[in-house]
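Novice: Generate the whole structure from the sequences, applying the supplied hints.
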Amino acid sequence: MRGLRKLAVFLLAAMIAGAIPSEGNVAEATSIQDKINQNEKEKEALEGKLDQKQDELENLKGEQSTLKGELKNLNTQLTQVSDNLADLEQQIQTKTEEISVTQANLEEAKETEKWQYACMVTRVRDMYERNDTAYMNAILGGKSFGQMLNAADIFERIADYDNQKLEEFKETRHSIEEQEATLQREKNELENLKVAAEAEKNKVSGLIGQTSSNIAAYAEQISEAEEQALAYEKEIKEKENTLEQLKKELALSQAAAAGSWRDISEVNFAEGDRYLLANLIYCEAGGEPYEGQLAVGSVVINRVLSGKFPDTVVGVIYQNRQFSPVASGRLELALAANKATAKCYQAADAAMSGVTNVGNCVFFRTPIEGLTGINIGGHVFY
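So for the sequence shown, my numbering puts the first residue at 350; every next one is plus one.
None of the hints are false.
Quick list of in silico lysine-lysine cross-link-like pairs, DSS-like style, CA-CA up to 30 Å:
| # | residue 1 | residue 2 |
| --- | --- | --- |
| 1 | K402 | K596 |
| 2 | K657 | K597 |
| 3 | K463 | K514 |
| 4 | K410 | K550 |
| 5 | K384 | K596 |
| 6 | K597 | K392 |
| 7 | K459 | K536 |
These are computed hints drawn from the structure, not numbers from a lab.
Model, not experiment: these values are computed from the prediction.
Specialist: Dropping the structure here:
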């Protein structure tokens with residue numbers, strides 16, 4: 350009976366000291382699993398947002414590509430309209446020059462017609478209005494009837510020639526007037542085409558400006574969407590890293606909790622363990638309060654007690670990739686100069702005697718999202 354009582358006291362002390370697994374490990378593991386589940390959900394939500402943003406990006410890039418095609422067509426149209434406008438301006442200039450020449454010809458024809466008419470009027474006035482008898486004398490003064498007929502024929506031919514020339518000049522003037530009218534009409538038509546071409550050019554230029562603005566707006570939206578997508582990718586990567594770390598820590602914690610544990614009385618510490626542990630405490634928690642230094646020492650001793658880690662202080666500390674001061678060489682420098690303080694030695698002595706302020710935690714690190722445990726100073730112990 351007395352033996353059973355002693356066994357019960359021993360087991361209770363062991364649980365208090367953290368020498369064997371307690372229910373806290375189960376609750377801690379559950380809490381970490383909850384965090385893993387939560388991070389999985391958040392990661393899935395971020396992936397969904399990333400998919401939506403990538404779809405949005407594809408749509409924006411498609412719209413921008415379409416607008417670039419339209420802009421190319423508009424620039425082609427603008428070139429064609431500008432070339433057409435330049436051609437119309439050249440044609441108008443040519444028509445203007447032709448009209449100028451035609452107007453000069455018309456003035457000359459009018460002057461010629463006016464001169465011919467004046468000549469006829471002068472001859473008629475001389476023959477009839479001034480009672481000039483030269484015409485009649487020329488006819489009646491002939492020595493024979495044949496001569497009279499010849500004289501009359503000559504005067505008639507002169508009159509016919511005058512009338513013919515006057516008609517020719519009139520026809521020439523009418524022809525030139527018609528030519529001028531035709532040229533003026535063609536010039537007006539060209540000017541109307543020019544006005545239409547200028548309007549088309551302004552319209553196309555406006556469309557080019559609007560399309561360019563739309564392309565720039567799409568470029569800005571694409572840039573913003575790409576930044577958001579990169580932000581989502583970064584968050585997802587961070588979630589993946591957190592999940593990887595959490596799963597790793599959970600697996601290690603569960604393995605340690607489920608493994609076998611020894612009592613502190615079963616450990617045979619070697620000469621130099623105290624010196625080694627105190628200097629590791631200095632490297633890991635030299636700037637922490639005493640509670641933080643004791644917690645680091647407790648983790649090392651808990652590993653010695655756990656069946657999942659080496660069973661010596663040296664084996665635990667120098668286990669591959671477990672304590673960063675070992676890999677960086679800081680521990681060797683501390684050991685060479687015995688950097689450990691009195692408090693570091695005090696913490697090492699307490700831990701080696703079985704004292705723990707972190708239960709049976711076998712890990713510690715700087716805090717990360719989703720990792721729960723015992724927070725002391727700048728570390729979380731779990």
